[in-house]
Amino acid sequence: MTGLPATWPGRRTASLVYVRDLFRELIGRDMKLRYKRSVAGVAWTLLNPLAELGILFLIFGVVLPLDIPDYPAFLFTGILAYGWFQNSLHFATNAVVGNRELVRQPGFPILILPVVTVSTNLIHFLLALPILFALLFYSRIPITWAVIGLPLIIVLQFLFTLGLAYLVATFHVRFRDTQYLLRVLLQLTFYLTPVFYEPTAIPERYQILYRLNPMVFLVDGYRAVLIRGEFPRPGYTVITTLVAGAVLLAGLHVFRLASQRFVDEL
Amino acid sequence: MTDAIIVQNLSKRFRRYRPDRPWTLQEAVLGGLRRLRPLEEFWGLRDVSFTVPVGHVLGIVGANGSGKSTLLRLIGGVGRPDSGTVKLNGRIGALLDLGAGFHPDLTGRENVFVAGVVAGLTRRDVVERFDSIVAFAELEAFIDDPLRTYSTGMQMRLAFAVAVHVDPEILLIDEVLSVGDLGFQRKCLDRIADFKAHGCSILLVSHEASLVRELADEVLWLNGGRLVLRGKAAVVVDKYVDHVSAGAVQAGEGWNQASPLPAPAPISTGHSSPVPKMIASENRFGSLELEITGVRLVNGEGRPIDEFRSGNPLRVEIDFRAPRRILAPIFQVYIFRDDDMVCCDLNTEGTELKAAQVEGSGRVSLCLERFDLKGGRYYVDVGCYAQNWAYAYDYHSDLYPLPITGEGVETHPDPPHHWEISAGLRARPAVSELQPAGRRRIWRLV
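Quick note, the sequences are listed as chains A and B, same order.
When the letters of the first sequence are read in order and numbered with our numbering, they come out as residues 1 to 266.
When the letters of the second sequence are read in order and numbered with our numbering, they come out as residues 1 to 446.
No lab work stands behind these hints, which were simulated from the structure alone.
Please note: incorrect hints may appear among the correct ones.
[Unchecked claim] Capping the alpha-carbon separation at 16 Å, the derived lysine to aspartate or glutamate pairs in EDC-like fashion look like this:
hint : chain 1 : residue 1 : chain 2 : residue 2
1    : B       : K87       : B       : D3
2    : B       : K196      : B       : D167
3    : B       : K187      : B       : E138
4    : B       : K374      : B       : D338
5    : A       : K32       : B       : D144
6    : B       : K354      : B       : E420
7    : A       : K36       : B       : D144
8    : B       : K196      : B       : D181
9    : A       : K36       : B       : D145
10   : A       : K32       : B       : E218
11   : A       : K36       : B       : D105
12   : A       : K32       : B       : D105
13   : B       : K374      : B       : D339
Required output: the full structure, derived from the provided sequences and hints.
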């Protein structure tokens, strides 16, 4: 027999190598499955946001012009960031419910499931980034040193989205119409996030409330480091980090508490 | 010898919900939150304790819904018990849900990697074992086809092949040995024997009595979430098969209800009789609603015996104490040879106890007018069971040695005997008492 006498449950104390491999296989499975039977394959990852770019540009660039400089690059930044957020939460409803047999596997670290969902969508986000850079190049926007702030913003968005993903996944186990409710909420937050408009368009007296939404900071943050060539404001960054951290802790806590009942509820 | 698995007082409560329990938020809001509450609760598993030494195979038998799968899952760390603990020493592998992580749209190769990692292997492990896994499943020609093109048998073979390549130190098996054709089944059984030979401890759940008999060292019989009997494989399996074929399972309906039982007292304390090293869940188990407080082996004159001479009378005296009234308990005496062969198996079914109630202290004696086992080393086990063998109140295993000298027979299934129920026992006819007893009586008359 191989293996040292590990303490129970064996795999929770298992090596980082194991967790890495598990993570890799589950993400690989998700990626393969999403495009396995489609002709265009991973191209869908790019076609979707491009189509959205076309539609929004038609409306707010041509029909009702908002007069924002470098509008295609501006729009596409918002679309990619919000798309990652939206898709992560959408797929998070199925993170637990759709993996019944994994949840029932002895020693399987259930905590990893929402992480896999958010990471898979991060990969789609990263795959579409070259198009964004092409748009920046086309609009003759120079890449400045501020671009080193990009990973920080990505990490922040990852943590914030993960926190919500834990909540969504937990809730969907109990109430199977969470995904429909979520769709409505995501539509609402689409308008509460500056995807196609400038955050300054919101009236002054609502600004503080409005900016508490971390997505406002995040979308604007991408534009700051990529388009405007400046770092996000430190104070605002700290506040958003705190909010995202609190959401993540809350999500983790709720998920852990509820996960003991997952097996019985599935 | 160290124990691979230590289970102590494990209990799991389940909730039964209304059939129209809302599964969506919309229904919950419209239908009122009342319906969210469970209708009733019942014990899926109640106070189960046992240990499995390293390298042993423990079989688990019982009817559907008796808690077998729940027990395996709790041991696997899936779900949380409502009370009790599980301790494991070693890397755990499970054949519970075969093919966890399998997806029909992925190829066999891709599925082996996902399932292997989900089952606890690293990618390197899977790469190393890949050829062996595919060869075991006999699917070399199809491994790069999508899983959906496989037959069910082929899928199960692949799943099983992955599962047996995890090299566990503790293996949980739930009803999965009926995979594939006979040749493949043989291969699986050989593999399991191989695991055992390498010191792997195995928990085996199966409905196939012969399989459990063949593979297990010891067997645990569960009913309604309670431990009925635990002991040598042959004994328990036979008893279980008898029980099932006698149709007694139906008679025991209502076992699942969470009955208002007192919590069992700690098994090692408050025990006055000079019983040698009684250890909970090792050589003693049961709910202890009725406690066996003393056991004596005496000769015809009532004197304790050190050595029994074949052909003489033998009495087994069982003292008991029942803090609360108990209806129709069954007392049982087993006599084993030291190689675990059952030589004699007698119980009080068919005596006046069948329709009696006991409360307080009392004594039940088995009087063998003449006992003719041939010389050797024997053990006496005594037990007391709830009505219809529903579960054990108290069972003492391997505690009372009985050396025998002289000539006699190998087994003595029905020696001349009678039961004496005496010394303070308040046995009353059941008909004047509780309703259920009355109903029983009427039923028996019809």
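Verification of the supplied hints:
1. B/K87 x B/D3: Since the Cα atoms of B/K87 and B/D3 sit roughly 9 Å apart, the hinted pair holds (cutoff 16 Å).
2. B/K196 x B/D167: holds, 11 Å
3. B/K187 x B/E138: At roughly 11 Å apart (the allowed maximum being 16 Å), B/E138 and B/K187 satisfy the hint.
4. B/K374 x B/D338: Holds, at about 13 Å.
5. A/K32 x B/D144: Holds, at about 14 Å.
6. B/K354 x B/E420: Answer holds: B/K354 to B/E420 is near 13 Å, not above 16 Å.
7. A/K36 x B/D144: holds, 14 Å
8. B/K196 x B/D181: At roughly 23 Å apart (the allowed maximum being 16 Å), B/D181 and B/K196 break the hint.
9. A/K36 x B/D145: holds, 13 Å
10. A/K32 x B/E218: Roughly 46 Å between the alpha carbons, so the hint for A/K32 and B/E218 is violated.
11. A/K36 x B/D105: Satisfied, since the Cα-Cα distance of roughly 7 Å is no more than 16 Å.
12. A/K32 x B/D105: holds, 9 Å
13. B/K374 x B/D339: Holds. B/K374 to B/D339 sits at ~14 Å (cutoff 16 Å).
Going down the numbered hints, you'll see the structure goes against 8 and 10, while the others check out.
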